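Using the sequences plus the hints, can you model the full thing?
4 protein chains.
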Amino acid sequence: MSKGKLTGAAVAQHNSRDSCWVIVHGKAYDVTEFLPEHPGGQKIILKYAGKDATEEFDPIHPPDTLDKYLDSSKHLGEVDMSTVEQEEKVQDPEEDERQERIKRMPPLEACYNLMDFETVARDIMKKTAWAYYSSGADDEITLRENHSAFHKIWFRPQILVDVENVDSSTTMLGSKASIPFYVTATALGKLGNPEGEVVLTRAAHDHNVVQMIPTLASCSFDEIVDAKRGDQVQWLQLYVNKDREITKRIVQHAEARGCKGLFITVDAPQLGRREKDMRSKFSDVGSSVQASGGGSVDRSQGAARAISSFIDPSLSWKDIPWFQSITKMPIVLKGVQRVEDVLRAVEMGIDGVVLSNHGGRQLDTAPSGIEVLAEVMPILRQRGWEDKIEIFIDGGVRRSTDILKALCLGARGVGIGRPFLYAMSAYGQAGVDRAMQLLKDEMEMNMRLIGASKIEDLNPSLIDVRGLVGGHHAPVPSDTLNLRAYDPLQAPRFSEKAKL
Amino acid sequence: MSKGKLTGAAVAQHNSRDSCWVIVHGKAYDVTEFLPEHPGGQKIILKYAGKDATEEFDPIHPPDTLDKYLDSSKHLGEVDMSTVEQEEKVQDPEEDERQERIKRMPPLEACYNLMDFETVARDIMKKTAWAYYSSGADDEITLRENHSAFHKIWFRPQILVDVENVDSSTTMLGSKASIPFYVTATALGKLGNPEGEVVLTRAAHDHNVVQMIPTLASCSFDEIVDAKRGDQVQWLQLYVNKDREITKRIVQHAEARGCKGLFITVDAPQLGRREKDMRSKFSDVGSSVQASGGGSVDRSQGAARAISSFIDPSLSWKDIPWFQSITKMPIVLKGVQRVEDVLRAVEMGIDGVVLSNHGGRQLDTAPSGIEVLAEVMPILRQRGWEDKIEIFIDGGVRRSTDILKALCLGARGVGIGRPFLYAMSAYGQAGVDRAMQLLKDEMEMNMRLIGASKIEDLNPSLIDVRGLVGGHHAPVPSDTLNLRAYDPLQAPRFSEKAKL
Amino acid sequence: MSKGKLTGAAVAQHNSRDSCWVIVHGKAYDVTEFLPEHPGGQKIILKYAGKDATEEFDPIHPPDTLDKYLDSSKHLGEVDMSTVEQEEKVQDPEEDERQERIKRMPPLEACYNLMDFETVARDIMKKTAWAYYSSGADDEITLRENHSAFHKIWFRPQILVDVENVDSSTTMLGSKASIPFYVTATALGKLGNPEGEVVLTRAAHDHNVVQMIPTLASCSFDEIVDAKRGDQVQWLQLYVNKDREITKRIVQHAEARGCKGLFITVDAPQLGRREKDMRSKFSDVGSSVQASGGGSVDRSQGAARAISSFIDPSLSWKDIPWFQSITKMPIVLKGVQRVEDVLRAVEMGIDGVVLSNHGGRQLDTAPSGIEVLAEVMPILRQRGWEDKIEIFIDGGVRRSTDILKALCLGARGVGIGRPFLYAMSAYGQAGVDRAMQLLKDEMEMNMRLIGASKIEDLNPSLIDVRGLVGGHHAPVPSDTLNLRAYDPLQAPRFSEKAKL
Amino acid sequence: MSKGKLTGAAVAQHNSRDSCWVIVHGKAYDVTEFLPEHPGGQKIILKYAGKDATEEFDPIHPPDTLDKYLDSSKHLGEVDMSTVEQEEKVQDPEEDERQERIKRMPPLEACYNLMDFETVARDIMKKTAWAYYSSGADDEITLRENHSAFHKIWFRPQILVDVENVDSSTTMLGSKASIPFYVTATALGKLGNPEGEVVLTRAAHDHNVVQMIPTLASCSFDEIVDAKRGDQVQWLQLYVNKDREITKRIVQHAEARGCKGLFITVDAPQLGRREKDMRSKFSDVGSSVQASGGGSVDRSQGAARAISSFIDPSLSWKDIPWFQSITKMPIVLKGVQRVEDVLRAVEMGIDGVVLSNHGGRQLDTAPSGIEVLAEVMPILRQRGWEDKIEIFIDGGVRRSTDILKALCLGARGVGIGRPFLYAMSAYGQAGVDRAMQLLKDEMEMNMRLIGASKIEDLNPSLIDVRGLVGGHHAPVPSDTLNLRAYDPLQAPRFSEKAKL
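Residue numbers (the UniProt record's numbering), protein chains in the order written: chain A, 1 to 500; chain B, 1 to 500; chain C, 1 to 500; chain D, 1 to 500.
Just so you know, these hints were derived from the structure itself, not from any lab.
Computed from a prediction, not measured in an experiment: that's the story for all the values here.
Certain hints may be false.
No distinction is drawn between identical chains; accordingly, a pair holds when it is met within one copy or between any pair of copies.
[Unchecked claim] With a cut-off of at most 27 angstroms between alpha-carbon atoms, the simulated DSS-like pairs for lysine-lysine come out as follows:
#: 1; residue 1: K176; residue 2: K260
#: 2; residue 1: K318; residue 2: K126
#: 3; residue 1: K454; residue 2: K318
#: 4; residue 1: K242; residue 2: K89
#: 5; residue 1: K127; residue 2: K176
#: 6; residue 1: K27; residue 2: K440
#: 7; residue 1: K27; residue 2: K126
#: 8; residue 1: K497; residue 2: K89
#: 9; residue 1: K497; residue 2: K126
#: 10; residue 1: K5; residue 2: K27
#: 11; residue 1: K497; residue 2: K127
#: 12; residue 1: K228; residue 2: K176
#: 13; residue 1: K43; residue 2: K497
#: 14; residue 1: K454; residue 2: K74
#: 15; residue 1: K74; residue 2: K27
#: 16; residue 1: K43; residue 2: K127
#: 17; residue 1: K103; residue 2: K497
#: 18; residue 1: K228; residue 2: K260
#: 19; residue 1: K248; residue 2: K497
#: 20; residue 1: K68; residue 2: K43
#: 21; residue 1: K440; residue 2: K242
#: 22; residue 1: K43; residue 2: K89
Here you go:
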């Protein structure tokens, strides 16, 4: 037994609500008193009481979490890991199949678009991680509408324009970028890749693409900034804490570390119910929940709720001047969803807005960013305000045609989130690299094909938005009996036997 | 042999149209003369002639039925049930599979929304019970449109509103409720649960939700009122009897027992044809029907017809003043389906209307309540009549977003029926409890997400109804040959064999 | 060997193009010279050269065909059928399966609507017969649109109307009928039932429904009129022959035999290409066609072409006065498809029009009758012409709601064709009887539910046609990759093993 | 060993990047220095280094390619093919299945429409050839919209018009044709048939149909012109070379050889990304690509890119007068996609435009030609310019109804491409012959059915375009949970066992 180290057996005795120790990265912590405060609920901690919780802990807590939130008196010191009993892995046929699929993964070169990464990721990611990334609010109608809405906009390409040289570079919030999309903030990067968000930082650097750093990252903020190279541009995404002093510290630290924009999330006074995520969580800790009896309502609601209890639901327009007073970074409201609020943002001197529904993760049947954009821009132009504010959108962007449609409407840039997470989860940095390169290849070609050689050439005359501005159609439910009675036309049939 | 009791053998001799006895709850009844009057037809009684009919009798007859409708001279007294030959159950593979499924039911905690209860109920309910609850008119287009219509309305959420404290309580017909939905009237609760409607009464109490008591309940009216606790609010749903004295007695009894609203059903001068129900009935008594020969038209039309022959198809606007004269309860017309009739209701001093198509069970391609609401409210507001009458809707409500859309348009509250029946059928009171709690959780969150902290904050500017007011689209039938000739794009393929 | 009768062996020698005899109903005919004139092509006759052709002959030739079209010198007299070699039936697995299905047919009582008959008929009819009845033009888009269009019209039901007594009887072209639909003309009734169209005549009598007699019936015109009972009403459908004398004879004969209306088909200068029919024909005589070599274009185009070569494609408006001069029957143009032609019909003193696309069998993407009706009626009303002409529609009528929608718009009556053929093919007269009774039951109920007690109460305020008058929507093709990448929400899962 | 011929062994030694010889049609070539210039990339050549490359070479290089592009010093002379080691064919189960399918192919007579050829071709063509022909840009939405758009146009047929004699002949660019469609230019005909484009030439002759000769044909231009017979009409499709002298030589040569029109492609400054094509290519040379490691971005992008690197992306309106100066042929811009560019073409004295999106192969969500036509024609008519220019469309034409709709709108003719390739690939010239005959048969019939006896009778009053001009509808994504919870209506069930 190593000198001064705790033994696994010693820790294992503290395996109850009355005394609960856990091991993380080889050190033991007494979390008994912290149990009721844990944002993710007690249950998940108690599952690891007396045991090594590192694997579960890592993706959803930045490395500095224990130092920050647990009094040093509760840090019990190192554990001799050789004495810790290895949890015998339960035989899990689903997990076995997943491991089998990983061995048969398609090579990276077989991914030709951003959906391809999603398809591969779905089959090789851990079920809970996939559920957290991919889930949306309620029936996931907005989640899908986000991409579907782009298909309601069609091009009006112009021909016989000299497009030998095409340049897709642009400026967003005063910073240059090679292409008008940015990596938007998404939480818990280590669910998909053990290195987490820094993988995105490196790929963004190589493509001269802006990265927005998420509040709920798996890596710490400083780790992500440390991964920056050269004059790479980063922005900060902010969930506003109930404790404004914490918020102020975060903002000013980000500015000091060189962040070039502050994106305040305004569409999440409460993080959404995402049933795919909840259902995956449920089966994960299923047995104990079942034991709790059918009568009570179980409130464990997936990863989203676990990590967001600090967010302030009372945040309001009144707080804006205070933000303007504590930072010189351009301030952007992320999650604006209607014209009235864009106009108010202009009036309050806000630098930008992201028209966004949080990737369809918050309120179902909220409109897509691209639809709100189509409503906002004509009104801004009518008032002569189109240059007073930079308009971004995110949600559902998968093709360079999507980006071009947004820019033709008047957006300054678009955010892309999940696709890079999927590329990273499936293929690491090489995946993100290829995803970005595919977008750039598409961009160059499609600018040629609509007859635009630079970003400034993009304008509303190049698109047809009539399909978008007529409201949301849900067709009449079809009549099953009649459809099934119908005998569809047949194509010519191949014979059963070969001809002689 | 027990003294003074009839023997099974004695009863079994009366097994024909000429002399027909049946046993219900251990007592024998002579129903020979009643056969031609039975609203559900003779056939179903004759199936049990000379036998114990309790299991079939119970769900569709309130306990006081035999006392009310069969002269006491036909009450033959108790039967020694130990002498009654047990019907040997026919081996029924479908029923065996159902029993098997019941053993494997998902735990209640695995239900995250109201559709989940429906899915579970479909697999574990008796086929005839499921058919009665779930069926709709003709092709069930209106049945499905009812929910589908909500998807044509999209939100216009407002941001940066202080939503720390959210209150969803409201007042309907002068009574307080914790949330603006009520349990609407649905028939034959014991088809889904042996205790019947009182289960809903108890759950409604626990959530401070209003319950509407159905005329066609399996429990008697008084049983349901007796199950009320504290100042719990109940309303009465009324099918108007051809004999107005009976109607008057029912209404005044309800008022005396504390009912706070009278909902007169006006969309059912005749109960609808529901083919799913008819088809399930058919196979239930299939053999004898087949024996009756193919030539004649069989008129047995499911449970709906069996229980509704007393309803008066001559009910008209002329009867309204009479209702107003016999009760002080607020009077609401349930089943209004066009603007003109809402205006007429206001003019006649009616207190409220339910815009409803009877859950899609009556006239197929009747419009959804939410669509009629979108047409009615602007006209009421134009006349300054929006406070002269309370507007409710029912049909297809499954999510709190549905409720919010109705309230933004101007509804006072919404009725929910089948989902609670399904929850009750699958999980009993705990199921109903969870269903209501899920709606409340969704409600609190979604009010935050659209930026409303109380019911009064809901207004038309928060929604986009353009998709709803443009009529019903049925797309052009697709061309089979071309669609089948098309070779869809493929995602990257996993290799057949694992890489080495 | 019977005295004076031909032997099978004698007939069998004439089995080639040079000398071709066939047996029909026990008599031999020399058709050698007739071969090139046969409207259905030589090939089909040559298949039976020297053999008994009765089974193939019957459904598509009225009994008087041979007398009419083959010179008596070619009538060779009776054949001793006992000497005719029985064709050894080729083993046909499809036919065996069909015979097996016939044994397991659902009982008639299991059919609850008109689609049910179609579903049963599809599975038990001979393949070629099914193909002839069910096929439509090109991609069968209009065929399906015909019914689909009704779903674009929704009701605006009125409540609190006294509907105790409902009467659906009406008058069409001066004749009374119990209900505003008629049996429209359809060809080749014996393909579905050995008795042919007289089955429809009998059922129409029992329900007091008008029957339109088809030119291309399997029964002769007189057989169908002979089957009439009492004051039963029949109309004549007319394909106009290139030889006007023949046409005149047919029309005046019909009038003399009591027909009460003349329906001139105007949508079929050439009978449509129906690929389902052509394909079924092809495989029927497949081997010989294949032998003919791949290079030449095969022109055998199914039953439709075979029977229609006499129709005059030069028929035009100029011919109308001549028709008016040869008969006193009301004249109706069947197959009108646009407003301009309805107006012209009024101007020429035509008594009625059927807005029809020939059941989707002629021109694909021709509009449905109900859509043309919605366009025509407001214009007629605007001119005050709505009583100058009776407007009928046919195509896609399957429910009484469909009939009600047409009548609310302004139609006098609707034609129903295929559904009665399917009912007859599956269940004979009892099937047609039940089909009509189902429509009547639906009609009574649905008139109650929209608040109409008699046909005159039906009017445009009871329906919402906005969905119909906005043109034909074909949605944007969906993006396969994205849809397949999407991981749909799951319902609660039943466990694999039963709980203990 | 044959005197003076190279041996296979001698060639096989030059199998590397350092010295790379290949055999084509029995002759050896030294392509070492050419490797870096090969438009299709080095990889594909190196696969055949030292080997016989004829099979791969043939379809994508016209016969004169080696003479034109490889210096004669690199032509090494004949090879004794008997000494060349036969590549042992790798066992390929997919290819074996294809060969098996070819043996069971449907006879030509079983194809009743143009989609049928596509269905057969898909199953019997080589996978890479199918991928090249059938692929479209990105998600292939425009590819499918092209045909789908025709279904948004419906007919308004007129009746009682004398249509005994129907004539579909017309004049396009001053040349007569039997029917208003032409064979449009498509690349690489030998992928589908070893004879290549001359097969189309012969079939076009037999039907008096115009053929457009593609720049990227497998046959050389002169071969295709040589195959012309009599006064058969041919046009030239032109990709403009960066070297204008080459372009001038091509154009003037075509004019000298009798071409009657010059179609300059303007929608392809860069050939589109077609993922189906790329993916098929990928698996074809899959192993080596995989070996190249996951990190780098593979730029091999299918056949389209390989053959198009010479196209000039700087082509612009400024070049038009130069074209007008070098030829007297009528000049047509192929690939115009918006009104503004049609108007500009008129102003510049251009003779015609093809409204086209390149068969959906270039920019996804570009509009269909038929939609642009519906927008263009009213504006041309308003300016009185409709006779100043001939308007053609292509893309998605499959039925004569499609052709009729375009002509009713105002098109002079329509181009058809892929369907003839599919017919040729499946059945050779007989297939193309039948495809053209089917269109002619449909055309004659459908002109009758809409009441037009000659091309001049076609006009906008015969169609309803409201469905086309309202923009592109993508319906609201459906709610999975609710749809799956719904229990669809059932048709009558056949019993499991036969009745006794």
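A quick look at each hint next to the structure:
Taking CA atoms no more than 27 angstroms apart as the test, K176 paired with K260 passes inside one copy only; the shortest distance there is 11 angstroms, against 52 angstroms between copies. In this assembly of identical chains, K318 and K126 lie within 27 angstroms of each other by CA distance neither inside one copy nor across copies; the values are 42 angstroms within and 58 angstroms between. With identical chains, the CA atoms of K454 and K318 are at most 27 angstroms apart between copies only, with a shortest distance of 20 angstroms across copies and 40 angstroms within one. In this homomeric assembly, K242 and K89 never come within 27 angstroms of each other (Cα to Cα): the closest approach is 40 angstroms inside a single copy and 65 angstroms across copies.
Taking the shortest alpha-carbon separations for K127 and K176, neither the intra-copy value of 38 angstroms nor the inter-copy value of 44 angstroms comes in at or below 27 angstroms. In this assembly of identical chains, the alpha carbons of K27 and K440 never lie at most 27 angstroms apart, being 45 angstroms within a copy and 42 angstroms across copies at closest. Proximity of K27 to K126 under the C-alpha cut-off of 27 angstroms is restricted to the intra-copy arrangement: shortest distance 26 angstroms within a copy versus 56 angstroms between copies. In the homo-oligomer, the alpha carbons of K497 and K89 lie at most 27 angstroms apart only across protomers (21 angstroms), although the nearest pairing inside one protomer, at 52 angstroms, exceeds that limit.
Within a single copy, K497 and K126 get their C-alpha atoms only as close as 46 angstroms, which misses the 27 angstroms cut-off; across copies the closest is 21 angstroms, which meets it. In this assembly of identical chains, the alpha carbons of K5 and K27 lie at most 27 angstroms apart only when taken from the same copy (9 angstroms versus 78 angstroms across copies). In this assembly of identical chains, K497 and K127 lie within 27 angstroms of each other by CA distance solely across copies; the values are 22 angstroms between and 45 angstroms within a copy. Only within a single protomer do K228 and K176 lie at most 27 angstroms apart by alpha-carbon distance; the minimum there is 16 angstroms, versus 58 angstroms between protomers.
When the C-alpha separation of K43 and K497 is checked against a cutoff of 27 angstroms, the pair qualifies only between copies, where the shortest distance is 26 angstroms, while the shortest distance within a copy is 63 angstroms. Within a single copy, K454 and K74 get their C-alpha atoms no closer than 59 angstroms, and across copies no closer than 43 angstroms, so neither meets the 27 angstroms cut-off. When the C-alpha separation of K74 and K27 is checked against a cutoff of 27 angstroms, the pair qualifies only within one copy, where the shortest distance is 11 angstroms, while the shortest distance between copies is 72 angstroms. Only within a single protomer do K43 and K127 lie at most 27 angstroms apart by alpha-carbon distance; the minimum there is 19 angstroms, versus 39 angstroms between protomers.
For a Cα distance limit of 27 angstroms, the shortest separation of K103 from K497 across copies, 8 angstroms, qualifies, whereas the shortest one inside one copy, 39 angstroms, does not. For the homomeric pair K228 and K260, the shortest alpha-carbon distance inside one copy (13 angstroms) is at most 27 angstroms, but the shortest distance between copies (62 angstroms) is not. In this assembly of identical chains, the alpha carbons of K248 and K497 never lie at most 27 angstroms apart, being 78 angstroms within a copy and 54 angstroms across copies at closest. In this assembly of identical chains, the alpha carbons of K68 and K43 lie at most 27 angstroms apart only when taken from the same copy (22 angstroms versus 55 angstroms across copies).
In this assembly of identical chains, the alpha carbons of K440 and K242 lie at most 27 angstroms apart only when taken from different copies (24 angstroms versus 40 angstroms within one copy). Taking the shortest Cα distances, K43 and K89 sit within 27 angstroms of each other inside one copy (20 angstroms), while across copies they are farther apart (47 angstroms).
Of the numbered hints given earlier, the model fails hints 2, 4, 5, 6, 14 and 19; all others are met.
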